[in-house]
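Visitor: In order, the protein sequence lines correspond to chains A and B. Residue numbering for the first sequence is 1 to 120, as defined by my numbering. Residue numbering for the second sequence is 1 to 670, as defined by my numbering.
The reader is advised that the hints may include incorrect statements.
Said to hold, decoys possible - Derived pair list, reagent style EDC-like, types lysine to aspartate or glutamate, alpha-carbon separation capped at 16 Å:
#: 1; chain 1: B; residue 1: Lys257; chain 2: B; residue 2: Glu268
#: 2; chain 1: A; residue 1: Lys88; chain 2: B; residue 2: Glu229
#: 3; chain 1: A; residue 1: Lys88; chain 2: B; residue 2: Asp226
#: 4; chain 1: B; residue 1: Lys237; chain 2: A; residue 2: Glu91
#: 5; chain 1: B; residue 1: Lys356; chain 2: B; residue 2: Glu322
These are calculated hints, taken from the structure and not from any lab test.
Letter by letter, the chains look like this.
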Amino acid sequence: MARILIVDDSIVSRSNLRRILEEAGHEVAGEAGDGASGLEQYGQLRPDLVTMDITMPGMSGLDCLKGIMEKDPTAKVVMMTAIGQGPKIMEALESGACHYVTKPFETSKVVEAISDVLCS
Amino acid sequence: MSQAADADETISALVEAVPHVSPEAHGAEVNEFFKVHLSAEGVVVVDGERPLGLIMRNDFFQKLGAPYGRELFLSRSVRLIMNPRPLIVDISVQLGEISMLAMSREQEGLYDMVVVTDNDRYAGAVSIKNFLIELSQKRAREIELLKRQHELLELANKAEVESRRQIETKSASIRNLLDNAGQGFLSFGPELVVSDEHSLECIHMFRGPVGGKNFVDMLGRHMTGDAHETMRQALVKLFAAKAALTRKVFISLLPGKMEVYDRTLTLEFKLIQDDGGVKIMTVLTDVTEKEELQRRMDAERANLRMIVKAVSERTDMLAALEELRGFFPAGAREIIDGAGPAEALAELFRVVHTFKGDFGQRHMVNASARLHEIEEALSRLAANPPLLTQDALHDIVDEADAQEVLGRDVDTMTQALGLAFLENRQTFTVSRHTLRKLENMLAKLLPPGESAEPIALLRSISLHNFKELLEGYRDTLRSLAVSLGKGIAELDVLGDDVMVEKSVYQPFVKSLVHVFRNIADHGIEPMEKRLAAGKPELGRVSCQITADGAERFRVVIRDDGGGIDMDKVRAKAATVIDPSEAACLSQEQLLELLFMDNFSTKECVSLVSGRGVGLAAVRGEIHKLGGRIQVVSHRGMGTEFHFELPLLEEKSLRHKRRSVQECHASSALQ
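Modelling step: build the complete structure from the supplied sequences, incorporating the hints.
Guide: See below:
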């Protein structure tokens, strides 16, 4: 249904997420292993939605988000976070993120969050 | 009204230092105290500085005065006598507020003392009697005024008063409903101030009135700094949000569960619209007991799984216990003394980790958890190289005692299965009663999907389907047919599913080999003879099992062969007993002879079945079980062996054996 860009430094997380998204009928337009390449790929691929891991080395998820929002204020970004990262989530939401999902991923929660964002 | 007058008046003026008792006290001490202090209205049960409950004089003596009251309550712990949920308020509560709180209590507790805390520490109590006297003196004038106003109102607008009363009743009953729902309901608007319309339970939950308080501050006291800040921001954003999705996102950031004064509360947030604008309604539910129950049930289930595993893999488990006992402390000490600290630590870690996994597999959760703690201690050392010494390792190992690690789980198993279970013997006895009890507990505590497997495991230990026990004879019959050159069809095992103790019936089932041999050898005729007689080519043999009530069952082994040749039997009888007597024997009596030792109708003893000992063995086994045999034979059509058997458990079997032996003894004397 939608073209999605996955940004996460963990190979395992990326492949997990890919499986969940593809089974739900979405297309994974691309994968990025860090913030910088995530920003770059966004420009090239112009996906319908981005999933963004909050904690990444180098350019953090928050900075990558801000970069994307600057390029495209209508971008739809969903943050992937671990439990107990309230303040970071708040900051992301204030910076333009649409939604968030906590790890470890529950398939139903991921699919629901993505649908909610796409339909809003 | 006259709020200004008592704006400065909190209840601190009324708080008395009421004597208190520790939670370890018993009714006897409370009794003594009340006897000495005749004017004391009650005592508070305090643990350190935490008020736990309240015992009022009147209640206490009422309990004592009841039948067996003295026996029951004098020796009982105060924890069980006290009211565990008295009204507890903070010392900053206003005079006016406390009257509303106290008077809205249940009938029974209406005049109980109110316990007061200062910064959550026990500070004393307020006697309602004293308070009411104080209040009425102050309120005397206001009450006069009210009365006059009330009269005027009534005179002026009776109809309006009437309809107002109706609305009051309706909303009071709703409030009553909410108050008694055991849940706290409150609401607040964008300013985050809790409205005065809230349920009584909130007061219990937060130990004071909640109306007019800032919601975030009120909850913030019980949360971490981060969570507190996140909640504040999320609420601000929530009120500002317009889109449904945004609201959903911010609601998800609000706390769903938290601990308030040692109670676990769940929180649900709902956005509601009224003409005042957008408000948030919060539903708080005290799930402390439910969670405790859940924890206990989970523990029960874990124990059950452990017990079932222990019963079915006993040898392995005993070996694992032995291994652990050998490791702590002796084996561990050897490792530490035999290598450098870093190597020793790595080795210890590996071993402990393996033990943890193994005991985890056996559902021995306490042992596994204890081992995890030891693992953690080792990890901490590993992360701190300067502290990693032989001594440090010895300290950890010395603290870990095999008895302590295994104690709780072993106790649980011993309680359920008996001490003998853990003794290292080859066989052990688990009573059928215990297995049945375990089975029932499993069915009760586990959902059907989960209970099927452990129940099947338990059953496999005890009962077998009688049909199963006969399965082996399919092959036997086939081989017999081949070796004797007879055409016999596949054995049919049919009928009811009778569940039996394998060990009890196995000897009898084993002896049935003689019956099958007999059938194959003497019963089924050679193919040509069958065809000549118009019978199907292959002989048919069947075992039919029929349950006869709950106490007995019948096994019938049937063949469609030539039947037992009575003349041959009679002729043989004539060689054993007096010929004239042999001629008079009835068919039943002749068949009886078949079962006697040393009787055979074959002229030559064949390797397959001869000497008659075989069928006698069957009879012996049946009698040991307290059953009966009947043989029915139709010349040319076939034979039926009817075995009637009781459904036995081991205990009754031994009893029967004894009585059968006694019978034999007595008949021998005759």
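Visitor: Looking at the structure, which of the earlier hints fail to hold?
Guide: No numbers; nothing is violated.
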